[in-house]
Amino acid sequence: MNVATLVGRVLAELGVETVFGVVGSGNFHVTNALVANGARYVAARHEGGAATMADAYARMSGKVGVVSVHQGPGLTNAMTGLAEAAKSRTPLIVLAGEATQARSNFHIDQDAMARAVGAVALRVGSAATAVEDAVGAFRAARAGATVLLNLPLDVQNEVAGEGEVWSEVWRLVVESARLASSVPVVGPAPGADAVRLARLLEGARRPVFVAGRGARHAGDELRALADRAGALLATSAVAKGLFRGSPWNLDVSGGFSSPLAAELIAGADVLVGWGCALNMWTTRHGRLIGRHTRLVQVDLDPAAIGAHRPVELGVVGDTAWVARAVEAALEGPPAQGYRTPELAGRIAAQVRWRDVPYEEETGEGRIDPRTLTIALDDLLPPARVVATDSGNFMGYPAMFLDVPDERGFCFTQAFQSVGLGLASAIGAAVALPDRLPVAALGDGGALMGIAELETVVRLGLPMVIVVYDDEAYGAEVHHFGPSGHPLDTVTFPPADLARIARGYGCAAVTVTQRADLDAVASWLAGPRDRPLLVHAKVGGGRGSWWLEEAFRGH
1 MNVATLVGRV LAELGVETVF GVVGSGNFHV TNALVANGAR YVAARHEGGA ATMADAYARM
61 SGKVGVVSVH QGPGLTNAMT GLAEAAKSRT PLIVLAGEAT QARSNFHIDQ DAMARAVGAV
121 ALRVGSAATA VEDAVGAFRA ARAGATVLLN LPLDVQNEVA GEGEVWSEVW RLVVESARLA
181 SSVPVVGPAP GADAVRLARL LEGARRPVFV AGRGARHAGD ELRALADRAG ALLATSAVAK
241 GLFRGSPWNL DVSGGFSSPL AAELIAGADV LVGWGCALNM WTTRHGRLIG RHTRLVQVDL
301 DPAAIGAHRP VELGVVGDTA WVARAVEAAL EGPPAQGYRT PELAGRIAAQ VRWRDVPYEE
361 ETGEGRIDPR TLTIALDDLL PPARVVATDS GNFMGYPAMF LDVPDERGFC FTQAFQSVGL
421 GLASAIGAAV ALPDRLPVAA LGDGGALMGI AELETVVRLG LPMVIVVYDD EAYGAEVHHF
481 GPSGHPLDTV TFPPADLARI ARGYGCAAVT VTQRADLDAV ASWLAGPRDR PLLVHAKVGG
541 GRGSWWLEEA FRGH
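If you count the sequence shown from 1, position 322 lands on 322 in the UniProt record's numbering, and the numbers rise without skipping.
Keep in mind the hints are simulated off the structure, nothing from the lab. Idealized CB from N, CA, C, for every residue including glycine. Please note: incorrect hints may appear among the correct ones.
What the hints assert, rightly or not - Estimated spans, in silico, between C-beta atoms of each pair:
id, residue 1, residue 2, range
1, T76, G332, 56 to 66 Å
2, P341, G245, 10 to 20 Å
3, R502, N157, 37 to 47 Å
4, T489, D378, 29 to 39 Å
5, D434, G144, 48 to 58 Å
Work out the full structure, taking the sequences as your base and the hints as a guide.
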């Protein structure tokens with residue numbers, strides 16, 4: 001077999017089940033080899049969409065994502081998705097053909113491109129090293145890296161070896177890597193730091209835990225520790241849903257926080273960040289950290305400790321392991337901490353955004369985005385996975401649409417790119433086929449990624465695609481409009497998005513008032529044989545509450 005075929009076979013043997021991509025001459029053979037060895041291939045209409053699908057698939061499935069692209073322009077088209085994945089530390093492998101001849105039209109410095117966005121650049125060097133190179137890329141991805149594995153065109157065609165001896169050698173290498181990748185990495189034992197954290201919690205009267213991406217696997221351990229310490233529970237946006245069902249759940253900490261959640265988080269005397277960056281988004285530029293709050297950060301990566309905010313105590317280790325160690329170190333009976341009957345009542349009645357009163361803004365053929373999203377939350381089944389794009393609208397689906405657990409919300413915002421939402425929803429849908437996929441998009445992002453509507457239809461995904469249409473790049477309108485700047489460059493004439501969606505093969509409905517959502521209820525009743533696009537003409541008279549927080553960082 002040639003090297004390209006061998007690399008595909010090795011990755012399939014390592015457990016790669018799904019690969020997204022756009023196939024050209026430079027990645028044709030490796031993609032076919034993956035399929036021949038049992039992987040599912042999902043064809044996207046643009047490499048940027050393919051990379052984002054693979055990113056979302058990895059986030060929601062917990063498996064290594066794989067995207068396959070052509071050399072040169074195939075990789076450049078994928079770069080925004082690759083940047084998002086690298087910034088999010090998504091376990092992802094990008095298989096890219098590589099033109100090594102400087103005179104080739106396809107030649108670029110692919111290594112430099114990958115490194116520029118924080119990815120790891122690797123290469124299949126020869127037939128003799130192909131197995132080890134593929135295994136090394138897989139191991140790096142399993143450890144939390146986004147990896148570009150270059151496949152030089154001349155190396156791909158080398159004969160990789162034949163016969164039983166060669167097969168036995170690479171089988172043993174692959175089996176060793178598979179076994180190693182199944183062992184959870186917990187990092188250094190926290191030891192004395194766990195005891196110090198236990199003592200801090202024992203002295204706390206108002207402890208709060210904020211869990212992030214690095215704690216999505218540690219929900220049970222953190223709940224148990226919080227019960228002992230009397231702590232309230234919150235998450236960063238990427239871990240939304242982790243504490244669903246707890247009466248002490250404050251939902252998301254940061255710009256998305258409801259007024260009550262922000263009040264309680266800011267009132268903490270001990271705040272522990274578990275696997276979250278404690279960046280400006282999660283802390284509202286530090287305003288959710290009280291003046292006398294004692295700040296603790298737990299993370300597997302030592303470089304993450306204190307990177308955004310000085311902390312009193314940093315504990316290096318896997319969040320689940322550290323939580324168990326701290327609970328074991330606690331002395332005495334469970335503490336009341338922040339948990340009083342009065343507070344439980346306030347949380348039940350006020351912590352959700354839909355329970356916060358608002359004055360509805362309707363008229364001129366437009367629906368209030370809060371009214372729209374609350375109605376959708378009531379209509380959509382609980383078993384759902386919500387993926388949201390970026391823009392002025394994004395706080396509404398993020399905070400008014402409930403999700404069942406930490407796998408219910410796909411939030412690709414590390415690079416803050418508009419246009420990734422629909423592809424994210426496709427990747428999430430492939431990862432979680434037993435849930436209703438919901439894509440929440442602005443009109444700008446919807447039109448950027450609209451080619452992937454064909455992918456949704458072709459795959460037969462029963463997806464609900466909600467487009468919040470204010471006929472503008474709303475974030476820019478509300479950023480620059482109040483200062484009197486001209487807005488012609490960020491506002492647009494109406495587009496019939498429902499009609500466009502029907503052209504792709506979707507069912508579609510235009511919503512300007514709550515009664516129009518009866519069509520959504522009818523679609524949900526079945527048979528759901530086509531995706532549904534909800535073209536919601538929303539009011540855009542003012543910016544969303546979370547956007548005011550975001551502007552403080554620009």
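A quick look at each hint next to the structure:
Checked against the hint of 56 to 66 Å, the C-beta distance between T76 and G332 comes to roughly 59 Å, which is consistent with it. For the hinted restraint 10 to 20 Å between P341 and G245, the CB-CB distance of approximately 19 Å keeps it satisfied. Here the CB-CB span from R502 to N157 is close to 45 Å, well matched to the stated 37 to 47 Å. The hint said 29 to 39 Å for the Cβ distance between T489 and D378, and at roughly 38 Å that hint holds.
Between D434 and G144 the Cβ separation comes to about 26 Å, which falls outside the hinted range of 48 to 58 Å.
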